[in-house]
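Generate the whole structure from the sequences, applying the supplied hints.
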Amino acid sequence: MSGGEFLEIAGRRFASRLIVGTGKYESLAVMGAAVAASGAELVTVAVRLVDFDDRSGDLTAFLPDDLMLLPNTAGAKTAADALRVARLARAGGLPDWIKLEVIPDARNLLPDPVGTLEAAEMLVAEGFTVLPYMFPDPLLARRLEDIGCATLMPLAAPIGSGRGLKLRESIAIIVEEAGVPVIVDAGLGAPSDAAAAMELGADAVLVNTAIARAGDPVAMADGFRLAVEAGRRGYLAGVMEPQVAEPSSPLTGVVGAA
Amino acid sequence: MVNGRTHPLEERETVERLLERLGSEGPYALVERNGEPVNRSDYPSVVLKPGDTVLVARPVAGG
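Protein sequence lines correspond, in order, to chains S and G. Be aware that the first sequence starts at 1271, since it is given in the working numbering, and climbs by one per residue. Be aware that the second sequence starts at 699, since it is given in the working numbering, and climbs by one per residue.
It is worth saying that the hints were derived from the structure and are not from the lab. Here the structure is a predicted model, which is why all the values come from computation and not from measurement. Where is the CB? At the ideal position from N, CA and C, for every residue including glycine. Take these hints with a grain of salt, some might be off.
[Said to hold, decoys possible] Pulled from the structure, derived: some chain S residues nowhere near chain G, Cβ distances all over 12 Å:
1) PRO1334
2) ALA1344
3) ARG1360
4) ASP1416
5) GLY1434
6) GLU1469
7) GLU1516
8) THR1522
[To be verified] Covered by chain G, per the in silico footprint, the following chain S stretches (three or more residues, Cβ under 8 Å):
9) 1286–1296
10) 1311–1318
11) 1436–1443
Structural data, given as structure tokens:
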């Protein structure tokens, strides 16, 4: 994908190419301020049973009004779990967009490719706009795109690890081949990681922990906003090919040589 | 049962009324009844029966 001024997912345009998660903040107030500073127009939320003894406030009350909520299926270990969450969310008034996560692996939090493909196929058939979280396997990407997923969301490194763009080469192949937007999701630790992903040609990045767990989450949200813009501009401008050393100044008329 | 807890029903208690009684009304209260999601537009008309298993969920902070 890539090219173009806007990030376009399933016909909907976004000026911001930074998508943020709302988890792991010390308070909903800090979360709301960080989301606003990030400039994100699309934010992920999880779906959980209400604890009637816990009156800790409605998340959505802390978010800017003009945002689109993207429910995820976090917690789903199987395709069936994910379908249940997506259907519940849509019936109750959340968008029919779903960030599909099928994660049976509690240690590394890696997504199950088979369960994800299975769930994606059913969700697409039911009319959902499906954004699947995936290991950056280029063939899996192709399959997910073929069955009608709206984006591909390859992980850069395990969720919450902040280890950066560890799977760069595989993501580069996906970016090169994809006909739908590629959103690098999970594992980015610093703004420079986000910039690197964008320079590679990713259409967007999704960041949560790296902002929420920063020393100053609001300032870090702004840092990621700038990094995503910088990386995008670099990509569009055409990053030079690495080569051997070559002087940037003229070789003739050197004062010391006179 | 509502989220695993016993909930004595009023006569002809609808999903909408249940959410009110639980203080969980609002734009994003999500409801599943006996394993089936309930559409928001049906909250005022779906009447709960004794023995129903109801789940009430909502969006929370997450990635």
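Hint check:
Chain G leaves PRO1334 (chain S) outside its interface by the beta-carbon criterion, the shortest separation being 15 Å against a cut-off of 12 Å. Not every C-beta of chain G lies more than 12 Å from that of ALA1344 (chain S), the closest at about 5 Å, which undercuts listing it as non-interface. The beta carbon of ARG1360 (chain S) sits about 8 Å from the closest Cβ of chain G, which is not more than 12 Å, so the claim that it is off the interface is violated. With a cut of 12 Å on Cβ distances, ASP1416 (chain S) stays outside the contact zone with chain G, its closest approach being about 27 Å.
Every beta carbon of chain G lies more than 12 Å from that of GLY1434 (chain S), the smallest distance being close to 17 Å; the non-interface claim holds. Interface exclusion of GLU1469 (chain S) from chain G stands, the closest Cβ pair being 23 Å apart, more than 12 Å. Listed as a non-interface residue, GLU1516 (chain S) keeps its Cβ farther than 12 Å from every Cβ of chain G; the least gap is roughly 43 Å. No beta-carbon of chain G comes within 12 Å of the beta-carbon of THR1522 (chain S); the shortest separation is about 56 Å.
Given as covered by chain G, the segment 1286–1296 of chain S passes the check, having 5 residues with a CB less than 8 Å from a CB of that chain where 3 are the minimum. Counting residues of the segment 1311–1318 of chain S whose C-beta lies closer than 8 Å to any C-beta of chain G gives 5; at least three are required, and the coverage claim holds. Coverage of the segment 1436–1443 of chain S by chain G is violated [criterion: at least 3 residues with CB-CB distance below 8 Å; count 0].
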